[in-house]
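Taking the hints into account, I'd like the entire structure generated from these sequences.
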Amino acid sequence: MIDVEAVLGPQGLLSEALPGFSWRSQQQEMGEAVASCIELGGRLIAEAGTGTGKTFAYLVPALLSGAKVIISTGTKNLQDQLFIKDLPLLREAMSSPASVALLKGRANYLCVHRMENALLDTRGHRREVARHLQRVRNWSISTRSGDIAELTSLPEDSQVWPLITSTGDNCLGSECPSFSKCHLVEARRRAQEADIVVINHHLLCADFSIKDEGFGELLPPADA
3 MIDVEAVLGP QGLLSEALPG FSWRSQQQEM GEAVASCIEL GGRLIAEAGT
53 GTGKTFAYLV PALLSGAKVI ISTGTKNLQD QLFIKDLPLL REAMSSPASV
103 ALLKGRANYL CVHRMENALL DTRGHRREVA RHLQRVRNWS ISTRSGDIAE
153 LTSLPEDSQV WPLITSTGDN CLGSECPSFS KCHLVEARRR AQEADIVVIN
203 HHLLCADFSI KDEGFGELLP PADA
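In the numbering used here, each residue carries its 1-based index in the sequence shown increased by 2.
Check each hint, because a few of them may be wrong.
Claimed, not checked - Cross-link-like lysine to aspartate or glutamate pairs, in silico, EDC-like; alpha carbons within 20 Å at most:
id, residue 1, residue 2
1, Lys183, Glu195
2, Lys70, Asp209
3, Lys213, Asp225
4, Lys78, Asp209
5, Lys87, Glu152
6, Lys70, Glu219
7, Lys87, Asp197
8, Lys78, Asp88
9, Lys213, Asp171
10, Lys70, Glu34
11, Lys56, Glu34
12, Lys56, Asp82
13, Lys78, Asp159
14, Lys87, Glu18
15, Lys70, Asp88
16, Lys70, Glu41
17, Lys183, Glu118
18, Lys183, Glu152
19, Lys70, Asp197
20, Lys183, Asp149
21, Lys70, Asp5
22, Lys56, Asp88
23, Lys70, Glu188
24, Lys70, Asp225
25, Lys70, Glu195
Stated by the list, open to error - Label-pair ranges, simulated between beta-carbon atoms:
id, residue 1, residue 2, range
26, Glu94, Gly170, 33 to 39 Å
27, Leu174, His203, 26 to 32 Å
28, Arg133, Glu31, 49 to 55 Å
Read the hints as simulated data drawn from the structure, not as lab findings. The model shown is predicted, which means the values in this text are computed figures rather than measured ones. For glycine and all other residues, C-beta sits at the position ideal for the given N, C-alpha and C.
If you want it as structure tokens, here you go:
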């Protein structure tokens with residue numbers, strides 16, 4: 003049984019481990035409802051007001067469950083917040099052994115092969131694009147995830163983005179010379195192995211669409 007009260011309750015782990023944490027009855031109630039849904043199956047629609055602590059209310063039972071859980075967010079910003087801030091905070095406070103992975107769609111990852119091709123032809127690009135390509139190259143040496151959200155110094159409307167990312171049409175798959183360095187393949191591998199996978203609704207809907215058409219799946223099998 004998932005003991006949500008031991009974490010979110012008045013004398014729970016978070017009240018001791020997190021400065022400023024205060025017990026909220028609605029948060030604990032929602033957490034227990036989520037826990038029951040994970041354990042017994044079925045569907046749950048939960049609504050709560052601002053300040054209830056909804057994020058912890060679904061993350062805590064997911065971490066306690068020992069199940070393979072996929073968490074989908076409405077925006078990539080919230081997705082990053084869960085992965086970078088909230089989940090590490092909870093895992094440390096709860097001493098949770100659960101592993102966590104972040105998974106986004108193909109266009110969110112650096113394509114090493116396309117970047118290298120673009121760098122070979124810098125004279126064919128405008129000066130600004132060439133500068134942006136050099137920034138990407140410098141970043142590519144140190145990045146572990148290849149998530150282009152890390153490139154905060156580049157403007158959203160930069161013409162470099164389509165030069166360094168791939169689509170389903172131009173991806174070479176296993177025939178790519180840089181396949182062994184593919185960040186998307188590595189992200190999907192981590193998602194397969196993790197206990198908790200954080201995705202966004204766009205990727206979730208794309209997975210539904212591919213499954214409906216009989217072309218496989220984008221997401222790993224999960225318990226909840």
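Verification of the hints:
At roughly 18 Å between alpha-carbon atoms, Lys183 and Glu195 fall within 20 Å of each other, so this suggested pair holds. For the hint pairing Lys70 with Asp209, the CA-to-CA distance comes to about 17 Å; that is within 20 Å, so the pair holds. Annotation: proposed proximity of Lys213 to Asp225 holds, straight-line Cα distance about 17 Å (limit 20 Å). A threshold of 20 Å between alpha carbons decides the hint, and for Lys78 with Asp209 the separation of about 16 Å falls inside it, so the pair holds.
Between Lys87 and Glu152 the alpha-carbon distance is near 15 Å, which keeps this suggested pair within the 20 Å criterion. Under the criterion of a C-alpha separation no larger than 20 Å, the hint pairing Lys70 with Glu219 is consistent with the structure, at around 16 Å. Taken as a hint, the Lys87 and Asp197 pair is honoured in the structure, with Cα atoms around 17 Å apart against an allowance of 20 Å. Note on Lys78 and Asp88: the hinted pairing holds, with a Cα-Cα distance of about 14 Å set against a maximum of 20 Å.
Between Lys213 and Asp171 the alpha-carbon distance is near 19 Å, which keeps this suggested pair within the 20 Å criterion. The straight-line distance between the Cα atoms of Lys70 and Glu34 is roughly 18 Å, inside the 20 Å bound, and the hint therefore holds. For the proposed pair Lys56 and Glu34, the alpha carbon gap of about 12 Å is at most 20 Å, so the pair holds. Taking the CA atoms of Lys56 and Asp82, the gap is near 17 Å; set against the 20 Å cutoff, the hint holds.
This hinted pair checks out: Lys78 and Asp159 have alpha carbons roughly 17 Å apart, not beyond 20 Å. Taken as a hint, the Lys87 and Glu18 pair is honoured in the structure, with Cα atoms around 19 Å apart against an allowance of 20 Å. For the hint linking Lys70 to Asp88, the alpha-carbon distance of about 18 Å falls within 20 Å, and the restraint holds. Of the pairs offered as hints, the one joining Lys70 and Glu41 holds, with about 12 Å between alpha carbons and a cut-off of 20 Å not exceeded.
Taking the CA atoms of Lys183 and Glu118, the gap is near 12 Å; set against the 20 Å cutoff, the hint holds. Using a Cα cut-off of 20 Å, the hinted pair Lys183 and Glu152 holds, with the two alpha carbons roughly 18 Å apart. Pair hint Lys70 plus Asp197 holds up; C-alpha atoms about 5 Å apart against a cutoff of 20 Å. In summary, the hint linking Lys183 to Asp149 is supported, as the alpha carbons are separated by about 13 Å, within the 20 Å threshold.
Of the supplied pair hints, the one linking Lys70 and Asp5 holds, its CA atoms being roughly 17 Å apart against a limit of 20 Å. A hinted pair counts as satisfied when its Cα atoms are at most 20 Å apart, and Lys56 with Asp88 qualifies at roughly 12 Å. Restraint check for Lys70 and Glu188: the C-alpha separation of about 19 Å stays at or below 20 Å, so the hint holds. For the suggested pair Lys70 and Asp225, the alpha carbons sit about 5 Å apart, so the restraint of at most 20 Å is met.
Only pairs whose Cα atoms come within 20 Å are accepted, and Lys70 paired with Glu195 is accepted, the gap being roughly 9 Å. In this structure the hint that Glu94 and Gly170 lie 33 to 39 Å apart at CB holds, the actual value being about 38 Å. Taking 26 to 32 Å as the suggested C-beta distance range, the pair Leu174 and His203 conforms, at roughly 28 Å. Distance hint check: the CB atoms of Arg133 and Glu31 are about 53 Å apart, consistent with the given range 49 to 55 Å.
When held up to the earlier numbered hints, the structure conflicts with none and fits them all.
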